[in-house]
Amino acid sequence: MEPATLTVWAGVVLELGVMTAELLDLGRRINAGEQVSAEELATAKAECRQAAADLDAAGTHDREDGT
Amino acid sequence: MKRKVLFALAALLILALPACNMTPEAKLLAARKTYVGTVRSLTVLRQAGAFTKSEGKVLSETAHAGLRTLDRWEAQIALDKQRGGISAIAPKVRIFADEFNAVMRELVAMKIAAERHAAEHARDPATTAPDG
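So the sequence lines, in the order shown, correspond to chains V and S. Position 30, counted from 1, in the first sequence is what numbering that gives the first Met the number 0 calls 29; the numbers after and before it change by one each time, with no gaps. Position 104, counted from 1, in the second sequence is what numbering that gives the first Met the number 0 calls 103; the numbers after and before it change by one each time, with no gaps.
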């Protein structure tokens with residue numbers, strides 16, 4: 000496998016790993032009776048917007064159709 | 000095979016979380032975290048050139064649709080809380096949760112297609128530069 004492909008895979012797995020860890024942590028906290036704070040929700044909202052903006056910005060790397 | 004296991008684990012986790020005794024806010028937070036993780040991994044693939052221009056356009060539109068659904072979901076929770084009826088929340092929030100799940104399924108399908116394309120591209124000898 001090409002080093003560049005490996006880097007991409009590593010990036011994807013890392014992001015999915017972070018997401019899984021955060022979801023597991025959330026599940027653990029909820030089961031422990033912890034409440035979700037308004038600040039936490041606001042932070043998550045801002046992260047969603049930033050993630051969508053980053054996805055749009057990555058559009059400069061899109062290939063031409065049919066390639 | 001590893002990829003399939005990873006997706007199966009992620010799907011199980013997402014399905015298992017609502018089964019916990021979660022408040023509407025906690026469910027929304029879990030959905031937002033799922034969204035961020037999925038979109039970030041799609042961004043990594045997009046930066047690597049895994050999408051064509053038209054695929055990228057659909058990808059961005061789908062991601063923004065997910066963002067709008069999450070915002071409407073949050074607004075509905077706030078509205079229902081103002082009205083004071085937790086029993087009234089369930090059916091409406093359920094609609095947004097289902098809508099969000101549909102968007103996420105679409106995003107994951109695009110991600111799998113892009114990963115497949117990247118893997119095929121890596122194996123294609125015509126696209127690999129010769130040594131030297």
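Calculated from the structure, these hints are not laboratory results. Treat the hints with caution; some may be incorrect.
Unchecked claim - Label-pair distances were calculated between CB atoms; the ranges are:
1) T22(S) x R62(V): 39 to 47 Å
2) R104(S) x R28(V): 31 to 39 Å
3) N100(S) x D24(V): 35 to 43 Å
4) Q34(V) x H63(S): 27 to 35 Å
Computed from a prediction, not measured in an experiment: that's the story for all the values here. Just so it is clear, CB atoms sit at the ideal spot from N, CA and C, and this is done for glycine as well.
Okay, the hints, checked on the actual structure:
Between T22(S) and R62(V), the C-beta spacing of about 44 Å keeps the proposed range 39 to 47 Å intact. Evaluation of the 31 to 39 Å hint for R104(S) and R28(V) yields a failure: the beta carbon distance comes to about 27 Å. N100(S) and D24(V) have their C-beta atoms about 22 Å apart, which leaves the hinted 35 to 43 Å range violated. For the pair Q34(V) and H63(S), the supplied restraint of 27 to 35 Å holds, since their beta-carbon distance comes to about 30 Å.
The structure fails to meet hints 2 and 3 from the earlier list, while all remaining hints are met.
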